[in-house]
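Colleague: Sequence:
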Amino acid sequence: MRRKGVILLDGLMALFLISALAMMVLPLAGSWLSALERGRTGTKLSETGLFAMDFMVEKIRNNRIRAVGVVRGNGYDYGAFTAGGDEGTYRFFVDREKLKLQLYNDNIQPLTGEYTGPEAYAFLPGRPSLFRQAEGGPVTISFTMHHQMMGMDRDFETSVIPYAEFYKKGEVYE
Numbered sequence: 299m300r301r302k303g304v305i306l307l308d309g310l311m312a313l314f315l316i317s318a319l320a321m322m323v324l325p326l327a328g329s330w331l332s333a334l335e336r337g338r339t340g341t342k343l344s345e346t347g348l349f350a351m352d353f354m355v356e357k358i359r360n361n362r363i364r365a366v367g368v369v370r371g372n373g374y375d376y377g378a379f380t381a382g383g384d385e386g387t388y389r390f391f392v393d394r395e396k397l398k399l400q401l402y403n404d405n406i407q408p409l410t411g412e413y414t415g416p417e418a419y420a421f422l423p424g425r426p427s428l429f430r431q432a433e434g435g436p437v438t439i440s441f442t443m444h445h446q447m448m449g450m451d452r453d454f455e456t457s458v459i460p461y462a463e464f465y466k467k468g469e470v471y472e
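Every position in the sequence shown, counted from 1, becomes a number in my numbering once 298 is added.
Calculated from the structure, these hints are not laboratory results.
Mixed in with the good hints, there may be bad ones.
[Claimed, not checked] Listed next, the in silico SDA-like pairs over lysine to any residue satisfying Cα-Cα at most 25 Å (straight line):
no. : residue 1 : residue 2
1   : Lys396    : Pro416
2   : Lys396    : Lys467
3   : Lys357    : Thr346
4   : Lys396    : Asp352
5   : Lys342    : His445
6   : Lys466    : His445
7   : Lys398    : Ala432
8   : Lys396    : Met322
9   : Lys466    : Asp384
10  : Lys467    : His445
11  : Lys357    : Gln407
12  : Lys396    : Gly434
13  : Lys466    : Thr456
14  : Lys396    : Asp384
15  : Lys396    : Lys466
16  : Lys342    : Thr387
17  : Lys357    : Phe464
18  : Lys357    : Lys398
19  : Lys342    : Ser329
20  : Lys467    : Gly377
21  : Lys357    : Arg338
22  : Lys396    : Arg338
23  : Lys342    : Tyr413
24  : Lys466    : Pro423
25  : Lys357    : Pro436
26  : Lys357    : Ser329
27  : Lys396    : Pro423
28  : Lys467    : Gly386
29  : Lys466    : Phe353
30  : Lys342    : Thr410
31  : Lys357    : Ile316
[Unchecked claim] Beta-carbon label-pair distances, calculated as ranges:
no. : residue 1 : residue 2 : range
32  : Lys467    : Asn405    : 42 to 48 Å
33  : Asn405    : Arg362    : 51 to 57 Å
34  : Leu324    : Pro408    : 17 to 23 Å
We put the CB at the ideal spot given by N, CA and C, even for glycine.
Start from the sequences, fold in the hints, and give me the full structure.
Modeller: Written as structure tokens, this is what we have:
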């Protein structure tokens, strides 16, 4: 026979053991969730940066206008066909931590960014600038995708030779 209060004592012991187990597991669950959030943020930074880089490389490679002189800055003009079949001038530029594309008809299309205000995922031009090109050489593209709250960065840099430069468009072949 059990004494009075033994069932209550067993219940309290079980409650104590469950709470002790929860106190040991909760920090592990918190760090696991934090690691998942950092992974998601890093993936979003990489995804956005690779999209922007791929888009710029493809458009600059197919550029139909040769650069005149040295290009250095956070804007780059390139020539491409418009919807009507004519040649038009397009422009990449950075505005409020976003990469944007100005179309031939002066409409502006954002390539990165989700909001009209401050961005959680900021597009920052590289140092010293987003675009660099010596006369007739490759265009170097350099930028950083930065997450404001976590302080996480992904750096991107590549070079591409526009076809107009490579084939020396406008010059006579001998």
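Colleague: Now look at each hint and say whether the structure bears it out.
Modeller: Each hint, compared with the structure:
no.	hint	in the structure
1	Lys396 with Pro416	holds, 9 Å
2	Lys396 with Lys467	violated, 32 Å
3	Lys357 with Thr346	holds, 17 Å
4	Lys396 with Asp352	holds, 16 Å
5	Lys342 with His445	holds, 10 Å
6	Lys466 with His445	violated, 40 Å
7	Lys398 with Ala432	holds, 23 Å
8	Lys396 with Met322	violated, 43 Å
9	Lys466 with Asp384	holds, 21 Å
10	Lys467 with His445	violated, 41 Å
11	Lys357 with Gln407	holds, 15 Å
12	Lys396 with Gly434	violated, 28 Å
13	Lys466 with Thr456	holds, 21 Å
14	Lys396 with Asp384	violated, 28 Å
15	Lys396 with Lys466	violated, 32 Å
16	Lys342 with Thr387	violated, 30 Å
17	Lys357 with Phe464	holds, 15 Å
18	Lys357 with Lys398	holds, 13 Å
19	Lys342 with Ser329	holds, 20 Å
20	Lys467 with Gly377	holds, 12 Å
21	Lys357 with Arg338	violated, 29 Å
22	Lys396 with Arg338	holds, 20 Å
23	Lys342 with Tyr413	holds, 15 Å
24	Lys466 with Pro423	violated, 29 Å
25	Lys357 with Pro436	holds, 14 Å
26	Lys357 with Ser329	violated, 42 Å
27	Lys396 with Pro423	holds, 10 Å
28	Lys467 with Gly386	holds, 16 Å
29	Lys466 with Phe353	holds, 23 Å
30	Lys342 with Thr410	holds, 11 Å
31	Lys357 with Ile316	violated, 60 Å
32	Lys467 with Asn405: 42 to 48 Å	violated, 27 Å
33	Asn405 with Arg362: 51 to 57 Å	violated, 20 Å
34	Leu324 with Pro408: 17 to 23 Å	violated, 41 Å
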